[in-house]
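Chains as they are written, first to last, in full-length UniProt numbering: chain W, 1 to 470; chain H, 1 to 470.
Calculated directly from the structure, the hints in this document are not laboratory data.
On a predicted model such as this, the values are computed, not experimentally measured, just so you know.
Take these hints with a grain of salt, some might be off.
[Unchecked claim] Reference excerpt, derived from the structure (chain H facing chain W, CB under 10 Å, subset only):
| no. | residue |
| --- | --- |
| 1 | Asp-119 |
| 2 | Val-304 |
| 3 | Val-317 |
| 4 | Asp-327 |
| 5 | Ala-332 |
| 6 | Arg-336 |
| 7 | Lys-346 |
| 8 | Phe-357 |
| 9 | Val-361 |
| 10 | Ala-399 |
| 11 | Tyr-427 |
The C-beta atom is built at its ideal place from N, Cα and C for all residues, glycine as well.
Protein chains: 2
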Amino acid sequence: MLHPVILSGGSGSRLWPLSRQNLPKQFLSLMGDLSLFQETVRRVGALPDVRPPVTVCSEDHRFMVGEQLQGVGSANGGILLEPMARNTAPAIALAAWHLVASDPNATLLVLPADHLIEDEAAFRDAVARAAVLAEQDWLVAFGIRPDYAETGYGYILRGDGLGEGGYRIERFVEKPDLATAERYLAEGSYAWNSGMFLFRAQRYLDELLRHAPAMLAATSDAYAAAESDLDFIRVDKESFAASPSDSIDYAVMEKTDRAAVVPVSCGWSDIGSWSSLWTVAERDEDGNRYEGDVISVDTRGSLVRASDRRMIATIGVEDLVIVDTPDATLVARKDRVQDVKAIVDKLKAAGRQEHLFHRKVYRPWGSYDSIDMGERFQVKRIVVKPGAALSLQKHAHRAEHWIVVSGTAEVTCDDRVFDLHENQSTYIPLGSVHRLRNRGTEPVELIEVQSGSYLGEDDIVRLEDVYGRS
Amino acid sequence: MLHPVILSGGSGSRLWPLSRQNLPKQFLSLMGDLSLFQETVRRVGALPDVRPPVTVCSEDHRFMVGEQLQGVGSANGGILLEPMARNTAPAIALAAWHLVASDPNATLLVLPADHLIEDEAAFRDAVARAAVLAEQDWLVAFGIRPDYAETGYGYILRGDGLGEGGYRIERFVEKPDLATAERYLAEGSYAWNSGMFLFRAQRYLDELLRHAPAMLAATSDAYAAAESDLDFIRVDKESFAASPSDSIDYAVMEKTDRAAVVPVSCGWSDIGSWSSLWTVAERDEDGNRYEGDVISVDTRGSLVRASDRRMIATIGVEDLVIVDTPDATLVARKDRVQDVKAIVDKLKAAGRQEHLFHRKVYRPWGSYDSIDMGERFQVKRIVVKPGAALSLQKHAHRAEHWIVVSGTAEVTCDDRVFDLHENQSTYIPLGSVHRLRNRGTEPVELIEVQSGSYLGEDDIVRLEDVYGRS
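Extracted from the complex, chain W is given alone in its bound form:
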């Protein structure tokens, strides 16, 4: 059976300020309603004879993965939590161990969570052909037929034909300079290395044994000692930490003698930068892509994204990327967007938060957004999902006022438990043990006004938590 393995480990800063460590690119709705992760889940769900997807992600993103899987009604083949980033080869090894345990003949379709594929029929066809090669014990990379001389990707040079439109891989080549990329394009035997693969799980583990035995051992130990926590499989931290960090390309694909490539034209993009998003987006006749409330005069070749309750006006500008969020706006020349990394580095160096968190922070129970802040107060808009509850908690330095503006909240405050309806309020004194729960079927929205001398997120004692965070 075919088991999709979705690698969702990226913490992508290249689409900052929209993508941040706590809510990276794969979880954002960049093109349409679904996130890139959800599009990936939906896409693999449409394949024939396919099992529920296995997701490999970081601890920080586990609730987001769970929620987004639910959001597209997908079954869940397992959510494997990496205790730390170790690149793609160990992540795939975890998935392989997980799958061979129940299906010794499992075939893995490995997909990064954050890629765009426009022609799904072509993709499905390529998967079917790769699956035939995988049965013949090939490890198949999907190569993208280049339609221009891209210098930002690695390339795969194909060798002899293997049938099914597949080829032996002659060699992998690093990101070329422009002249080389143009030659690759002209020669026609090179394809972009998409980071998507298909092979039998056991075969992958066998290759690790030959080419990366330390990685095989470390991931085997990490998975064997894994603990289940709600929907999540938390592998052993110490064992996983012992694994070498390496990509599947270096660790396996470049070393095995069974590497194959299936070239495909499927409207693929890794959306690796704001300019590549502009490239794949529909644009107006002046070459502009606008999202949200944008008013422009004489603007050309630009990507402009406004955020909620805010407008952006542009005059006489060309080839810009303007991306607005509630706490940060980026204005960059479109051909310089790779330097977003330099901004993120400056934020890190300054000990700031804007590369880590959005103003609106997602939690397993819903979200909060810090809508105002003063010297001794903070105002948050809190949304609690149906059926969800915050932890039973208390604060040492702040009191809280809650005003429900939508839905009905169940409030615990010390020894009282009571319902709070729309347009009702309550007061949580400093030090009180309290909890907020939504027992209804619609989201509860409330405004929280915090008052106190210290208002940091770390002023919290969790006494009980349904999400295992106490």
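Got chain W sorted already, so can you dock chain H onto it with the hints?
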């Protein structure tokens, strides 16, 4: 005696989004802590033998003018409210009528509220020389010695010398093309028309009698029928409406045979656009002027203004103006900022509000800022100044929750009056007659959560108001 007359009638859209109809350029702190209006007040206050300034402004800005005068501890020579805009000549006539009533020998120093003057000693010197000429019954225009070939200003050509560094005005000339401006600059006998004047009030009225008798009559009637309201002098609307609308240049200066010019170099700017603000601002070695939280990479020749609790990041951009406010961000090429007008026109045409009001709205009692909004709720941060009170009011469609986060508020709710301290809250039911007052010496800050089916500002019945608005 010398009476400064400050013309504060502008509703300047050229510095949108920072300048809006309800809070135009003259009231903004563009360079340093004081607003341009306050800088003007402070500057004239430093002149020798000067009386308190008379301000002419629109009805909408009266509380702002009063507050900003107080803010710099200035005495108040009268705040004349124009019922509608009639250009500068009638506005100055109102001030002349106001002043000759108590001081028949009053000399007026007429100054737009929104100009910048860097060399105050040169300005004071020019005023002293102009005052001598005014005693000889000249109407003196201050001409700015051009330091480059500006095409955006009118020019004044000087004639024979009159002593005191003054000259007869040979003629006024309209905004020239670049070649003409360059010739004016080379010839040395042309000066920019600054819009600043000095003359005896009675002489000005005499000139109106000869050259604009309808204006004289209308403004005389309007002032004679004026009503005092708190600190304000509200001239008669019907009479004032009958006045022709004209500038002092056309109505008087170009017609009188007693027009003089005193050329001066005093670091003058009318800050008529974002690019002229950039020109006069101190800049870093890359030619950038940053205000607020700005992080940049390879940025040159740009003006970037971030707003509170928001950062702006720039990469690889050049000669841009980026101005951020809580609800709108402008990104414009620096040499295209005059087209801000086109954006404002689009906002008008769309029936929007962003050219009229800021998210934070100033009221005579303080301010409110709409920090969040949902389908059936709105959250405001309200600041009540010491000694101030909102009107006694009620709403037909909304209830309100108030949480005090700083200071102590006196709350009236139907027949109860009580104090609300920091970290205390109260509920104002729909339909209740209520009032908020600050009897303390520090500002009261509170968070208001409105809940209801309609949340517009017009759902208000004012039963009593200390500011005469009920």
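Hint by hint, here is what the structure shows:
With a least beta-carbon distance of about 33 Å to chain W, the hint placing Asp-119 of chain H at the interface is violated under the 10 Å criterion. The closest approach between the C-beta of Val-304 of chain H and any C-beta of chain W is roughly 8 Å, which is under the 10 Å cut-off, so the hint is satisfied. A cut of 10 Å between beta carbons decides the hint on Val-317 of chain H: the least distance to chain W is about 6 Å, and the hint holds. At its closest, the beta carbon of Asp-327 of chain H sits 6 Å from a beta carbon of chain W; the interface hint therefore holds under the 10 Å criterion.
With a least beta-carbon distance of about 4 Å to chain W, the hint placing Ala-332 of chain H at the interface is held under the 10 Å criterion. Interface restraint check for Arg-336 of chain H: the shortest CB-CB distance to chain W comes to about 3 Å, inside 10 Å, so the restraint holds. At its closest, the beta carbon of Lys-346 of chain H sits 5 Å from a beta carbon of chain W; the interface hint therefore holds under the 10 Å criterion. Taken as an interface hint, Phe-357 of chain H does not check out: its beta carbon lies about 13 Å from the nearest beta carbon of chain W, beyond 10 Å.
Annotation: interface hint on Val-361 of chain H violated; nearest CB of chain W at approximately 15 Å, more than 10 Å. Nearest Cβ of chain W to the Cβ of Ala-399 of chain H: about 6 Å, under the 10 Å cut. The hint holds. The beta carbon of Tyr-427 of chain H is positioned within 10 Å of a beta carbon in chain W (closest approach about 7 Å), and the interface hint is therefore held.
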